[in-house]
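K.L.:
Now for the letters of each chain:
Number of protein chains: 4
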Amino acid sequence: VSVAYLGPEGTFTARAAALVAPTEAHVPLPTIPDVVDAVRTGAVDRGVVPIENSIEGAVNVTLDALAFGEPGVFIRGEQALPIAMALLARPGTALADVTEVRSHPMALPQCRRWLAVALPGAALAAAASTARAAEEVAAGPPGLAALGPADAADRLGLAVLADDVQDHDGNETRFVVLGRRMPAPTGADKTSMVVFLGADRPGLLMTVLDELALRGINLTKIESRPTKQALGEYCIFIDADGHVTDARVAEALRSIHRHVAELKVLGTYPRGDGHHVRVDVANGEHAYAGAARWFDGLLAHVDPA
Amino acid sequence: VSVAYLGPEGTFTARAAALVAPTEAHVPLPTIPDVVDAVRTGAVDRGVVPIENSIEGAVNVTLDALAFGEPGVFIRGEQALPIAMALLARPGTALADVTEVRSHPMALPQCRRWLAVALPGAALAAAASTARAAEEVAAGPPGLAALGPADAADRLGLAVLADDVQDHDGNETRFVVLGRRMPAPTGADKTSMVVFLGADRPGLLMTVLDELALRGINLTKIESRPTKQALGEYCIFIDADGHVTDARVAEALRSIHRHVAELKVLGTYPRGDGHHVRVDVANGEHAYAGAARWFDGLLAHVDPA
Amino acid sequence: VSVAYLGPEGTFTARAAALVAPTEAHVPLPTIPDVVDAVRTGAVDRGVVPIENSIEGAVNVTLDALAFGEPGVFIRGEQALPIAMALLARPGTALADVTEVRSHPMALPQCRRWLAVALPGAALAAAASTARAAEEVAAGPPGLAALGPADAADRLGLAVLADDVQDHDGNETRFVVLGRRMPAPTGADKTSMVVFLGADRPGLLMTVLDELALRGINLTKIESRPTKQALGEYCIFIDADGHVTDARVAEALRSIHRHVAELKVLGTYPRGDGHHVRVDVANGEHAYAGAARWFDGLLAHVDPA
Amino acid sequence: VSVAYLGPEGTFTARAAALVAPTEAHVPLPTIPDVVDAVRTGAVDRGVVPIENSIEGAVNVTLDALAFGEPGVFIRGEQALPIAMALLARPGTALADVTEVRSHPMALPQCRRWLAVALPGAALAAAASTARAAEEVAAGPPGLAALGPADAADRLGLAVLADDVQDHDGNETRFVVLGRRMPAPTGADKTSMVVFLGADRPGLLMTVLDELALRGINLTKIESRPTKQALGEYCIFIDADGHVTDARVAEALRSIHRHVAELKVLGTYPRGDGHHVRVDVANGEHAYAGAARWFDGLLAHVDPA
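Protein chains in written order, with my numbering: chain L, 1 to 305; chain Z, 1 to 305; chain U, 1 to 305; chain C, 1 to 305.
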């Protein structure tokens, strides 16, 4: 099994790919659409890309590649990773020597409070990625430092001047594993979908959410995004509890399909946290089977058409 | 085909039975449960009983007989009848001669305004039915008058002193036709059901109604009634648009069945007014079939369990 | 304080009136609209009428008198009463002597199972009320018996041949106390209203119920009834937890008022069972007051129009 | 009036700031939090930052700065801007000469299809911003080209090799204008808010959306985002029609405030498209005023507590 991931080496995505598939061959690719395409065409078996809260800011690109791209690629797993930012510099550099800090434009503000206290005089400069910032520091003049993952230090021969310098604890990025098929249910699953609401119909979003709520299906994420046609035309990305083969999820998906312009299931897969989904009796498999039997009994009293 | 109805002869129910089944043999029975039982046991093929807004006040008895009685009897049709009240007296009686007016206790207040103007000094007395009041008038002393259907006059040799004396125009009673099977769909159908909510679960009624509303199924009637266990424990009688074999109705019924303690379909039958039910595209048969095909296509990408 | 009630003496309503106002002067009146009018005009201070599950079948008349009658009369209390049916006959009559049983047309079917076992050969005959049936038995030939409240026996010199013969235990009737004003809140209150939905607007009933559900207001009763204009035009009677001066009830009523053709509050009054209404934090008085303060703080940042 | 914006000069944000405030003094600042802080502290009067679909990918930083930052800054306006990407190179460079294309990591994939056709052999390289890519091209070796706004060409003495090369037409970015107060209503307004749902309460999001839907308030955007505490704890950003002083919006906000852990209004401001919000009768100012009068009339019949 071969695994492509959003490169370069040394990013948080590389680390997620290693966790997801420790023994497989890994292929870094330059962009998220490249990873998605490599999976679709069969060039690789799996892909790993960030999808949420990435320091690299790649979420939207991933969502768009899955929602608007060619069919045939599905999310088949997820992996969350704690994001700890370290201040990296060439060996021998002291904190007091740092005059400029480089990182991804989204990483800098995440450490702003720490920087204001520890390095009040340092200039802040943007780099294309946290890995690229570390490379620039390794190749650059003294006084440069980078904000990025601590393990980039080993790879590039840098020193960690300070670790865990992000302002907010508990920062994590969620990565998804892509493939050409979706796995069977485990009891601890989730389903990702994107809903295109079509013509401006007030209340249609409520209808979609109601179809899920009525069946006791919890949302773990909802996000409206432009459809790339014009600002104001939206699609809705939804992550929901359960597997598409669960009776309640299957019926909810078919119902949403009837209401909206288009429904695309991005994937059904085991939850990264392994938490089993609690389903109340009325929405469980037994209740669905019982209702079907009851209804068949009723039909026996109806004349044929 | 034999037809039982709530007697005696000469009531509004008898007239409804004649409209429903003009050429069949008609059997008046003394109580509504008697009619229901006659259908259930096969003693007759059809039954006709009032179910709504009856001057005879029989609605609840009908609902209870269908909801709490033995299974095997279904509503298979309905017939609405305009209710016009006439003042009946023995021939030769003038309006000025009337000293006492008799009728069913629910019929008297429905003519109260007219009585206050036309017969301000007359005493009002209750009778067991409008037909019985007319019989008492036919057999009684002069000065008596009855409020009831005008055609009782012919049958009993009475005169119509005044017609259409009810305070509210447009008064109608709805009757239902009972049988042991339900007819096939006509496109202009309705479905009657009773829902037992079970343990006190706030919001459960909303869930039931939402299952109908989400599928575009209109209610034409809703009524909570005690379950005869204790005041405060309720069941809900609902009349809804559509036939049980319509995809949207079938799915709504199965869904409600999962939520509630008990769901009993009282019948599915052509609407008395013949109005075809308008179904929007998302809730029509094509949309259901399309959603099923789409979902099957999705499942082809999911690994077997 | 003078109290009118639906007579005659000896009915269950008379007993309810005695419980509601033990020491006051009581006035039996022949019809429910008469009681309502006596309160409205100030002829009496209070009225007591049955409103639900009455053996006398008077519910609809009461609802209609309150919903469609002249304004100025409100429900200000309620009283539930267990309904026990006794078989009454002249002293010296044995069960085996009974050849005919008389009662209100709704009382007879409620004892049908007992009658089928104990008096399989007896004829059943309708009377205008349970009290009137007992009077007819007292004045009639031997072999007659009446189904009615046991305490009618004392009043009329009858014997109780059997007591508690109704088929269903736990049968109760709820009576309401009418007045020209509504009482202040007690913490254990309910509010009765009638909603006229106006033009055929699918989903409007759901909107009304949602306005209550969103504020955590439970329904204890819901019933659609024709508006007396034409079959198919409905109004909805709703009993809900809480007093009109509770913030959540006040806001719900104002909201419903905006949606519907007409909203009429029939009364706000202490619950007969004395159960305090449990309100979750988000719908309590503190939450409403806190939200109002928060919003005023926000407005301080908005430029004046 | 002084206006800060997310720099550097030459970006799309600078252009938006010029449209919003053509004649005022403009101050470019390096990060979005810097702009927000400058407004909060009074260093400037207005701030302009991208909030949606920005090629610069700055949305989340803006949302977070407004949602999690110190209070005192509000959105008081918005400005949409079409995003057209041009290929920029040093004068004299032909398309056939281009061997490497640089741009922001989110801009490259947005032109992927054009690049694959027009420059199949060119290397793609990430830069910190579109403006920075253009600067690198101006200072770099021949054969370099940048994807960015065409007007950067003039500023840096570059040539436009191709214009409008983005794969999707109709691409726009929405910018918001920040201030310390919010403007009065115009009739064509919107309100931005963030809702913190608090403890895991399934259905709470539905409640929030229902409070808006019941009052006919359309959503133009909804997005769940981690609260920076831990993955899985979410807040919801919502843009809704109407101004906070509209009766329906005011009541909806107070209602949501009661349900959720925290509600923060990010701003109320004129819609960029100037479309007046259509409000149906039941949710308009007259309906609210009428309901208040009706309810006061009802209270006159309730005894004081």
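Rather than coming from a laboratory, the hints here were simulated on the basis of the structure.
We put the CB at the ideal spot given by N, CA and C, even for glycine.
It cannot be assumed that every hint is accurate.
Here are the simulated lysine-lysine pairs, DSS-like style, with alpha carbons at most 25 angstroms apart [unchecked claim]:
hint: 1; chain 1: U; residue 1: Lys-264; chain 2: Z; residue 2: Lys-221
hint: 2; chain 1: Z; residue 1: Lys-264; chain 2: U; residue 2: Lys-264
hint: 3; chain 1: Z; residue 1: Lys-221; chain 2: U; residue 2: Lys-221
hint: 4; chain 1: C; residue 1: Lys-221; chain 2: L; residue 2: Lys-264
hint: 5; chain 1: C; residue 1: Lys-264; chain 2: L; residue 2: Lys-221
hint: 6; chain 1: Z; residue 1: Lys-264; chain 2: Z; residue 2: Lys-221
hint: 7; chain 1: L; residue 1: Lys-221; chain 2: C; residue 2: Lys-221
To be clear about the criterion: a stretch of chain U counts as covered by chain C if any three or more of its residues have a C-beta under 8 angstroms from a C-beta of chain C, and this derived list gives those stretches [unchecked claim]:
hint: 8; region: 9-21
hint: 9; region: 26-33
hint: 10; region: 129-141
hint: 11; region: 149-161
hint: 12; region: 203-211
hint: 13; region: 245-254
K.L.:
Each hint needs a verdict: does it hold in this structure or not?
P.N.:
Hint by hint, here is what the structure shows:
For a cut-off of 25 angstroms, the pair hint linking Lys-264 of chain U to Lys-221 of chain Z stands: about 20 angstroms separates their Cα positions. Pair hint Lys-264 of chain Z plus Lys-264 of chain U does not hold up; C-alpha atoms about 33 angstroms apart against a cutoff of 25 angstroms. Distance check on the hinted pair: Lys-221 of chain Z and Lys-221 of chain U sit about 14 angstroms apart at the alpha-carbon level, within 25 angstroms; holds. A threshold of 25 angstroms between alpha carbons decides the hint, and for Lys-221 of chain C with Lys-264 of chain L the separation of about 20 angstroms falls inside it, so the pair holds.
Restraint check for Lys-264 of chain C and Lys-221 of chain L: the C-alpha separation of about 20 angstroms stays at or below 25 angstroms, so the hint holds. Between the alpha carbons of Lys-264 of chain Z and Lys-221 of chain Z the distance comes to roughly 16 angstroms, so the proposed pair stays at or under 25 angstroms and holds. Simply put, Lys-221 of chain L and Lys-221 of chain C have alpha-carbon atoms about 14 angstroms apart, close enough for the 25 angstroms limit, and the pair holds. Coverage of the region 9-21 of chain U by chain C is violated. Counting CB-CB distances below 8 angstroms, 0 residues qualify, and the rule asks for three or more.
Proximity of the region 26-33 of chain U to chain C, defined as three or more residues with a beta carbon under 8 angstroms from a beta carbon of that chain, is not established by the 0 residues found. Counting residues of the region 129-141 of chain U whose CB falls under 8 angstroms from any CB of chain C gives 0; the rule of at least 3 is not met. With a cut-off of 8 angstroms between beta carbons, the region 149-161 of chain U has 0 residues touching chain C; three or more are needed, and the interface restraint is violated. Note: the region 203-211 of chain U has 3 residues with beta-carbon separation from chain C under 8 angstroms; the three-residue rule is met and the coverage holds.
Look at the region 245-254 of chain U against chain C: 5 of its residues bring a Cβ nearer than 8 angstroms to a Cβ of that chain, three or more, so the hint holds.
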